[in-house]
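S.K.: Construct all of the structure, not just a fragment, from the sequences and the given hints.
There are 2 protein chains.
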Amino acid sequence: MSFLKKLERAQKRTLLCVGLDTDISKLPASIPKTANGVLQFNKKIIEATKKYVCAYKINLAFYETLGKDGWKILNETLKAIPKNIITIADGKRGDIGNTSAMYAKSLFEDLNFDAATVNPLMGFDSVEPFLNYKNKGVFLLAVTSNKGARDFQFLKVGKKYLYKKIVETSLKWNKHKNIGFVVGATKSSELKELRKTAASVPFLIPGIGSQGGSLKNAVKLGTNSKNNLAIINVSRSIIYASNGSNFAEIAEKESKKYFDEIKKYRI
Amino acid sequence: MSFLKKLERAQKRTLLCVGLDTDISKLPASIPKTANGVLQFNKKIIEATKKYVCAYKINLAFYETLGKDGWKILNETLKAIPKNIITIADGKRGDIGNTSAMYAKSLFEDLNFDAATVNPLMGFDSVEPFLNYKNKGVFLLAVTSNKGARDFQFLKVGKKYLYKKIVETSLKWNKHKNIGFVVGATKSSELKELRKTAASVPFLIPGIGSQGGSLKNAVKLGTNSKNNLAIINVSRSIIYASNGSNFAEIAEKESKKYFDEIKKYRI
Chain A
1 MSFLKKLERA
11 QKRTLLCVGL
21 DTDISKLPAS
31 IPKTANGVLQ
41 FNKKIIEATK
51 KYVCAYKINL
61 AFYETLGKDG
71 WKILNETLKA
81 IPKNIITIAD
91 GKRGDIGNTS
101 AMYAKSLFED
111 LNFDAATVNP
121 LMGFDSVEPF
131 LNYKNKGVFL
141 LAVTSNKGAR
151 DFQFLKVGKK
161 YLYKKIVETS
171 LKWNKHKNIG
181 FVVGATKSSE
191 LKELRKTAAS
201 VPFLIPGIGS
211 QGGSLKNAVK
221 LGTNSKNNLA
231 IINVSRSIIY
241 ASNGSNFAEI
251 AEKESKKYFD
261 EIKKYRI
Chain B
1 MSFLKKLERA
11 QKRTLLCVGL
21 DTDISKLPAS
31 IPKTANGVLQ
41 FNKKIIEATK
51 KYVCAYKINL
61 AFYETLGKDG
71 WKILNETLKA
81 IPKNIITIAD
91 GKRGDIGNTS
101 AMYAKSLFED
111 LNFDAATVNP
121 LMGFDSVEPF
131 LNYKNKGVFL
141 LAVTSNKGAR
151 DFQFLKVGKK
161 YLYKKIVETS
171 LKWNKHKNIG
181 FVVGATKSSE
191 LKELRKTAAS
201 VPFLIPGIGS
211 QGGSLKNAVK
221 LGTNSKNNLA
231 IINVSRSIIY
241 ASNGSNFAEI
251 AEKESKKYFD
261 EIKKYRI
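Residue numbers (the numbering used here), protein chains in the order written: chain A, 1 to 267; chain B, 1 to 267.
Please note that a few of the clues may not be correct.
In this list, chains with the same sequence are indistinguishable; a pair is considered to hold if it fits within one copy or across any two.
Claimed, not checked - Keeping only pairs whose Cα atoms sit at most 20 Å apart, straight-line, the calculated EDC-like set for lysine to aspartate or glutamate is: (1) K196 to E168; (2) K156 to E168; (3) K26 to D110; (4) K175 to D125; (5) K33 to E109; (6) K263 to E168; (7) K147 to E168; (8) K68 to D110; (9) K68 to E249; (10) K175 to E128; (11) K105 to D23; (12) K192 to E168; (13) K33 to D110; (14) K147 to D125.
Because the hints were derived from the structure by calculation, they are not lab data.
None of the values given here were measured: they were computed from a predicted structure.
M.R.: See the structure below:
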């Protein structure tokens, strides 16, 4: 099944994506501060939130930092995610062709993620090995949610900003219709503008919650004309909503809150 | 000891860096095609080439693709490298602050690399967590060696190319004097130009050998006025010089050839 098809199905339920940025130092007191503790935590969070999400985004840095156990629990975490939910590897990789091919193989074949984030700075041949997996989604960084986005993404190239050039150029690479873009919720007017430029591709929208982006804008401006194709990611304010032994219950309540709010704005 | 100091000491010997981009499918017939085979191969390559190098660059993709064993053999490979030789983690990471901090911790604390390559597209706050390790080197992508470099790095921002803006802007972040740049050997005129803009920072120069860059230009144009600070990386054409059982001996000969040629151009 194509990535777009799988996403559209999952989005009949909701646009909400929960980010499993599980930081060992932030685990609830009831969970051991070990790699296995991270896995235990992830499983409980998935169990508690799965009816309210279309996707889980997994931040690779948080697993790499666990060393050799990181890979193992990443694998186990993926196995705990129901098959009808999209899995996104958030690693922002990108390198010369033969190296990008290694990253793509590792994420799309070995770990079997549905999608990955990719940094497009090195151009077409650095992105192509990801795109060649035509049933996998490839989210290129366009406008990121952090302050530093202003440093280079907002440089003017002729009359356009760099991020716009990146979007326009890479849309020409979209022969398998599996490109998407990362557009931060903290940048509402760019979100609105880019939805016009790229009307029919999915946007992965981080920056809600701890980073301060508006959920309403993310839904209203980030979706296409069918109120679709925006994947709205919330990480810390759901998974760390409580660090008591009731953390899963509270994460469930928080995700339901986002789920309900998205529903309200989506109609 | 600062990164620059350690590099200067290592560069009394040579500018040559060998890239340990060890691809399991390219291992010599005499070596088992397993993660342990990769480690065995790396150890023999290090033993054979260590007197001819200032640094080893380790391409993280090639280890990630080995899954949970990848981390272990990465660690073991690092242990086999003599302490006076620079180790560079080539992963081109870069993300929002809290995530970059995880990557930096993982590479600089857990694995204890001397330096890492970082993708600067997300701006200052994505790079800062790496720079905060003031005794570690941080090589930002400026002009990469691949064809796709032309897609975005060569867009004109006002009268300057994007790569030049990236270099000029990020030099302002260099309070710990630990920034360097990746400048591909396949882009000689940009190498010459950037050595003027960034006279006193190290350049990591890939693209020699399989990718076709000129070694002479890399040495002549990439070094500073003291014939220093260019780290010239050769990967495939040294480590895969032979796939016979004498692969280490041939790799030694190949690295000596590069070593001698660099010596000739450096004087």
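S.K.: Which hint numbers doesn't this structure obey?
M.R.: Of the numbered hints, 6 and 9 do not hold.
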